[in-house]
Amino acid sequence: MAERSVEKYLGELEGELRDLPRSRRQELLTEISDHIDAALAQTPDHDEAEIRNVLERLGDPADIAQEARQRLGVPRARSGAFEVAAVILLPIGGVVIPVLGWVAGVILLWTSRVWTTREKLAGTLLFPGGLLLPVLLFSGAIGMRVCFGSGVDGRVVSDTCGPGPSALQQTMAIGVLTLLVVVPIAMAIFLGRRAQGRSSAD
Amino acid sequence: MLERGERYGFDLVRELGEVGGMATSEGTIYPMLARLRRDGVVQSTWRESPSGPPRRYYRLSPAGRRALEEFREEWVRFRDGVDRVVHKEGRDG
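Sequence order for the protein chains is A and B. Quick note: to get the numbering used here, add 1 to the position in the first sequence (first position is 1). Quick note: to get the numbering used here, add 15 to the position in the second sequence (first position is 1).
Think of the hints as simulated: they come from the structure by calculation, not from any bench. Where a beta carbon is used, it is the ideal one built from N, C-alpha and C, also for glycine. All the pointers check out, no bait thrown in.
Some chain A residues close to chain B (C-beta under 10 Å, calculated; not the full set):
{"no.": "1", "residue": "Ile33"}
{"no.": "2", "residue": "Asp35"}
{"no.": "3", "residue": "Ala42"}
{"no.": "4", "residue": "Arg58"}
{"no.": "5", "residue": "Leu59"}
{"no.": "6", "residue": "Gly60"}
{"no.": "7", "residue": "Gln71"}
{"no.": "8", "residue": "Arg72"}
The shape of chain A in the complex, shown without the other chains (with noise of 0.2 Å):
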């Protein structure tokens, strides 16, 4: 319970501080870690009250990240025109411009000061080709679909169709297909969540 404040704390502190270069961060970072740790050394007992009192004297990370932007001659990250386009371009731009559309939102994804590298990863990875995947399956599974319904009717199922899917698989069929949907349109709004609430920062 009590490490996990400090682990929020350094968290927090590590989020405000992405648009420092990477060596800076983590020599901020650690300095800051081991300053909790030396004092809280100087306490009886590590419980929260005491936690408490040494991440309030340390201030807030938005605080230290500024001053370390402003000694460190940084200037503060904030989104414009290309991170628009690259929460746009990451779930849709693969559907538009088959491919490509993707790449080019991962590219601006990537180049972009504002996101972290763990928001980058998991909006490159959440899923490749955005909804271009779920587009493709779905044009297919209409053909499939219409085949299917014939034979439920009771009509003489066309030979070009082969056995229909299985209840089962058709239910995870549309579980993956939503998933699939969901996914990258909830990323992309995270992504932009994540990068408004930075240009208001301050």
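Use these hints to put chain B onto chain A, whose structure you have.
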């Protein structure tokens, strides 16, 4: 604070944090120290500690010592100037 020799970074930060008006919080002192290191005003050395990770110790560099002297002279002039204006205003008003 570093004039009389080397100081452990943590103690330095704690002490600076306690002097009112110098820094908004202890955490903001670390970026300041990083800047001073980069400017070559202070030098730092890592030393093993009896418990826990190695500690960073700070000391003034020769350039830092000169800068401190200059700043002191300037500060005294500035303070005297402000004092004269503020006291005069006080008497007049």
